[in-house]
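There are 2 protein chains.
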Amino acid sequence: MQVDIVKITKDKREEIKDIVTNEVPFTIHLNGRELLTLLSSPDNLKELTIGFLYSSGLINSIDQVKNITIDTRNWISHIDLTEDNKNDELVFKRLYTSGCGKGTLIYNTLDLIHKRKITNSFKISAEKIVRLMRTFQNSSVNFKETGGVHSAALSDGENISVFKEDIGRHNAIDKVVGEALIKKLKFKDFIILTSGRISSEIVFKIMKISVPCLISRSAPTDQAVKLARSIGLTLIGFVRGSRMNVYSGEDRLV
Amino acid sequence: MQVDIVKITKDKREEIKDIVTNEVPFTIHLNGRELLTLLSSPDNLKELTIGFLYSSGLINSIDQVKNITIDTRNWISHIDLTEDNKNDELVFKRLYTSGCGKGTLIYNTLDLIHKRKITNSFKISAEKIVRLMRTFQNSSVNFKETGGVHSAALSDGENISVFKEDIGRHNAIDKVVGEALIKKLKFKDFIILTSGRISSEIVFKIMKISVPCLISRSAPTDQAVKLARSIGLTLIGFVRGSRMNVYSGEDRLV
Chain F
977 MQVDIVKITK DKREEIKDIV TNEVPFTIHL NGRELLTLLS SPDNLKELTI GFLYSSGLIN
1037 SIDQVKNITI DTRNWISHID LTEDNKNDEL VFKRLYTSGC GKGTLIYNTL DLIHKRKITN
1097 SFKISAEKIV RLMRTFQNSS VNFKETGGVH SAALSDGENI SVFKEDIGRH NAIDKVVGEA
1157 LIKKLKFKDF IILTSGRISS EIVFKIMKIS VPCLISRSAP TDQAVKLARS IGLTLIGFVR
1217 GSRMNVYSGE DRLV
Chain C
977 MQVDIVKITK DKREEIKDIV TNEVPFTIHL NGRELLTLLS SPDNLKELTI GFLYSSGLIN
1037 SIDQVKNITI DTRNWISHID LTEDNKNDEL VFKRLYTSGC GKGTLIYNTL DLIHKRKITN
1097 SFKISAEKIV RLMRTFQNSS VNFKETGGVH SAALSDGENI SVFKEDIGRH NAIDKVVGEA
1157 LIKKLKFKDF IILTSGRISS EIVFKIMKIS VPCLISRSAP TDQAVKLARS IGLTLIGFVR
1217 GSRMNVYSGE DRLV
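Those protein sequence lines, which keep their order, are chains F and C.
Just so we're aligned: 1161 in my numbering is position 185 of the first sequence, and the numbers increase by one with no gaps anywhere.
Just so we're aligned: 1010 in my numbering is position 34 of the second sequence, and the numbers increase by one with no gaps anywhere.
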């Protein structure tokens, strides 16, 4: 959105037009019932819905999605699943009865995801990571305009295959996951790049899609490092210029 | 936490010890019932509990807190309120029945806060903001060590009165709010500084404490700007070096 602002510099006061990033309260309705509201950027809401359900462990395949419609007047997505979805009732049961109030929805649903080792022979060089991260950062148009979004991407180690932005770092990753599912890409051949910090919640999402590497411009937490090590995920942070810190899974670096 | 990492620079690969920031799942029990789990840094949990309840509109005064104990073995706070708390049943009702699943808890509870105009004659100069922001950034020890936390502060316009850090930008503000309540500081004489981006959720929190100015190193969203303008909050973003963008309430700048 364009807004009138006052820009103050050392010796100057200017009234200018500036662009701020857009935010909407986006509500997901699952099988006719309201599931939750995310604060998000108002684009790629189909990808966000599918990616959120998948990375939270609520669906295990895009084939479970019967249909999905996005209402961009009220910022609601209506998603219906095929009958063979086992987690749906479990989620609502958690939400509406005992589990409710236990935590944020995200924290509740993420424990539907079973811990499993990532056994994957993917290899990548430090030079390629540096190059990819440069391309990744240059792709972020909305960030350059507003400074108000995070970005995430899926890469095969050579190119950026899917690139998304959102005001939320979790949402940006979910949009990437959603588009990858729609395009039927195989996660095991890809790595995830993100501009945002890596908490345990982010690693849980990555565990669900089983990509071998997670690469960030920013810092991880101790829980993220522990979890990454326990599942065999390559976790690289602070990729800036030609430097980077490898927190876990250095064996995938050549 | 100290971890062994591999640091890669242009021509070098080094095995070094590095510090990553700590993360815990922190659960608040309100009047004997589990309310929610926040991912947070493991310090100032009393301040976080009280600040969260207050900035979410669940309590209106620290006098409503009968007692609070922090269990740092299991990362749980037990907080009991005096009987004259009206919002408690409302919150659980929302959580356990119809409102449950409507959104994240935060989004649900924030609408307990009524919109009200901030009418406050506080004034500050751009030079003071620049100086305060410099002090603010230099105060962040955990950030300097780990790069993994946000910081927030309360300032009277001259000095930093309360300073807190957390892996979550919302939590950092809630810790500041909690300590201010414990110390019986009057919010109307203070402004809030934050390292993080400003979404509508953050402005809702600020609305609850009615400080006249919110100052950030980062970007606001369009909803944050609209809300700030509608309640008469001075919102200043991108304070970097001697530059800043005034998005709302320029009349408080002298």
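Mixed in with the good hints, there may be bad ones.
Straight-line Cα separation of at most 30 Å, DSSO-like style, residue types lysine-lysine; simulated pairs [claimed, not checked]: (1) Lys993/C to Lys1091/F; (2) Lys1099/F to Lys1093/C; (3) Lys1202/C to Lys993/F; (4) Lys983/F to Lys1093/C; (5) Lys1164/C to Lys983/F; (6) Lys986/F to Lys1164/C; (7) Lys993/C to Lys1091/C; (8) Lys988/C to Lys983/F; (9) Lys983/C to Lys1164/F; (10) Lys983/C to Lys1120/C; (11) Lys1160/F to Lys1091/F; (12) Lys1099/C to Lys986/F; (13) Lys993/C to Lys1104/F; (14) Lys1184/C to Lys983/F; (15) Lys1091/F to Lys983/C; (16) Lys1184/C to Lys1164/C; (17) Lys1099/F to Lys1162/F; (18) Lys988/F to Lys1022/C; (19) Lys1120/F to Lys1160/C; (20) Lys986/F to Lys983/C; (21) Lys1093/C to Lys986/C; (22) Lys1042/F to Lys1104/F; (23) Lys1099/C to Lys988/C; (24) Lys1164/C to Lys1184/F; (25) Lys1104/F to Lys1120/C; (26) Lys983/F to Lys1120/C; (27) Lys986/C to Lys1164/F; (28) Lys988/F to Lys1099/C; (29) Lys1164/C to Lys1104/F; (30) Lys1104/C to Lys1202/F; (31) Lys983/F to Lys1091/C; (32) Lys1202/C to Lys1022/F; (33) Lys1202/F to Lys1042/F; (34) Lys1202/C to Lys1202/F.
Just so you know, these hints were derived from the structure itself, not from any lab.
These figures come from a predicted structure and were not determined experimentally.
Here is how each hint holds up against the structure:
1. Lys993/C to Lys1091/F: holds, 27 Å
2. Lys1099/F to Lys1093/C: The hint is violated at about 57 Å.
3. Lys1202/C to Lys993/F: holds, 15 Å
4. Lys983/F to Lys1093/C: holds, 24 Å
5. Lys1164/C to Lys983/F: holds, 26 Å
6. Lys986/F to Lys1164/C: Distance ~28 Å between Lys986/F and Lys1164/C Cα, so the pair holds.
7. Lys993/C to Lys1091/C: The given pair, whose Cα atoms are some 49 Å apart, is violated under the 30 Å limit.
8. Lys988/C to Lys983/F: Answer violated: Lys988/C to Lys983/F is near 43 Å, above 30 Å.
9. Lys983/C to Lys1164/F: Answer holds: Lys983/C to Lys1164/F is near 26 Å, not above 30 Å.
10. Lys983/C to Lys1120/C: holds, 17 Å
11. Lys1160/F to Lys1091/F: Between Lys1160/F and Lys1091/F the Cα gap is close to 23 Å, so the pair holds against 30 Å.
12. Lys1099/C to Lys986/F: Holds, because 19 Å separates the two Cα atoms, which is no more than 30 Å.
13. Lys993/C to Lys1104/F: Distance of about 25 Å is within 30 Å: holds.
14. Lys1184/C to Lys983/F: holds, 27 Å
15. Lys1091/F to Lys983/C: It holds: about 28 Å lies between the C-alpha atoms, which stays within 30 Å.
16. Lys1184/C to Lys1164/C: holds, 11 Å
17. Lys1099/F to Lys1162/F: holds, 16 Å
18. Lys988/F to Lys1022/C: Given pair Lys988/F, Lys1022/C is violated - Cα atoms ~44 Å apart, limit 30 Å.
19. Lys1120/F to Lys1160/C: violated, 42 Å
20. Lys986/F to Lys983/C: violated, 38 Å
21. Lys1093/C to Lys986/C: violated, 54 Å
22. Lys1042/F to Lys1104/F: Violated, at about 39 Å.
23. Lys1099/C to Lys988/C: Violated: Lys1099/C and Lys988/C sit about 52 Å apart, past 30 Å.
24. Lys1164/C to Lys1184/F: violated, 46 Å
25. Lys1104/F to Lys1120/C: holds, 28 Å
26. Lys983/F to Lys1120/C: Within the cut-off at roughly 29 Å; holds.
27. Lys986/C to Lys1164/F: Since the Cα atoms of Lys986/C and Lys1164/F sit roughly 28 Å apart, the hinted pair holds (cutoff 30 Å).
28. Lys988/F to Lys1099/C: holds, 19 Å
29. Lys1164/C to Lys1104/F: Between Lys1164/C and Lys1104/F the Cα gap is close to 52 Å, so the pair fails against 30 Å, i.e. violated.
30. Lys1104/C to Lys1202/F: Violated. Lys1104/C to Lys1202/F sits at ~42 Å, over the 30 Å cutoff.
31. Lys983/F to Lys1091/C: With Cα atoms ~28 Å apart, Lys983/F and Lys1091/C stay inside 30 Å; holds.
32. Lys1202/C to Lys1022/F: holds, 26 Å
33. Lys1202/F to Lys1042/F: Since the Cα atoms of Lys1202/F and Lys1042/F sit roughly 37 Å apart, the hinted pair is violated (cutoff 30 Å).
34. Lys1202/C to Lys1202/F: violated, 41 Å
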